[in-house]
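A.B. asks: Residue numbers for the sequence shown follow UniProt numbering, beginning at 1 and rising by one.
Hint data in this document are derived by calculation from the structure and do not stem from the laboratory.
In this text, all values refer to a predicted model and were calculated from it rather than measured experimentally.
Backbone N, C-alpha and C define an ideal beta-carbon position, used for all residues, glycine too.
Treat the hints with care, since some could be wrong.
[To be verified] Label-pair distances were calculated between CB atoms; the ranges are:
id : residue 1 : residue 2 : range
1  : 34        : 131       : 14 to 24 Å
2  : 123       : 14        : 20 to 30 Å
3  : 100       : 136       : 17 to 27 Å
4  : 102       : 122       : 19 to 29 Å
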Amino acid sequence: MHLVSASLVDCAIVIPPEYLTSFQNACFTKHVVGNNDFLIQAKPLWLQVYVWIEIFFQIPFFFAAIYWLVKGERRKAYPWILVYIIECVTTTIGSIAGIYDIDGHSQEEKNKLALIYMSALVPTLFGFKVFVDIKKWLQLDPVKKQQ
Numbered sequence: 001m002h003l004v005s006a007s008l009v010d011c012a013i014v015i016p017p018e019y020l021t022s023f024q025n026a027c028f029t030k031h032v033v034g035n036n037d038f039l040i041q042a043k044p045l046w047l048q049v050y051v052w053i054e055i056f057f058q059i060p061f062f063f064a065a066i067y068w069l070v071k072g073e074r075r076k077a078y079p080w081i082l083v084y085i086i087e088c089v090t091t092t093i094g095s096i097a098g099i100y101d102i103d104g105h106s107q108e109e110k111n112k113l114a115l116i117y118m119s120a121l122v123p124t125l126f127g128f129k130v131f132v133d134i135k136k137w138l139q140l141d142p143v144k145k146q147q
């Protein structure tokens, strides 16, 4: 879900419309208008920085993680998944705070938009499993036991 959002909507925050597909532009417009996303309309600089992080870290990572997981190489994928989860939680919470920092919108409008952004936190629940697995690996690692 987050890959779709990052690829179709978030990229349009920093990439000019002429460099996006018509489908991306349509998805962006539908999201902004349909959800009254006044945060994206405001395009604060900190949000643009978050989007560049998505473009250069999150989007390529999704494909690398899929590759590692399909090959059964969880030990390679999991540390990066953990980094992604921390980054995702940080930027999502920052975005939600930004929603409440913008003037000119009712509390109801802000709450509705914040709920939409909170959906990005759902995949991070996988992070608990990743953390537990990494902790187990560290405890079972023979090199660690000798130290």
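A.B. asks: Return holds or violated for the Cβ distance of residue 100 and residue 136 against the range 17 to 27 Å.
C.D. replies: 39 Å, violated
A.B. asks: Confirm or reject the claim that residue 102 and residue 122 have a C-beta distance inside 19 to 29 Å.
C.D. replies: The hinted range 19 to 29 Å holds for residue 102 and residue 122, with Cβ atoms some 24 Å apart.
A.B. asks: Taking 14 to 24 Å as the stated bounds, is the beta-carbon spacing between residue 34 and residue 131 within them?
C.D. replies: Violated: the Cβ-Cβ distance is about 35 Å, outside 14 to 24 Å.
A.B. asks: At the C-beta level, are residue 123 and residue 14 separated by a distance inside 20 to 30 Å?
C.D. replies: 22 Å, holds
Hints 1 and 3 from the list above are not met by this structure, while the remaining hints are.
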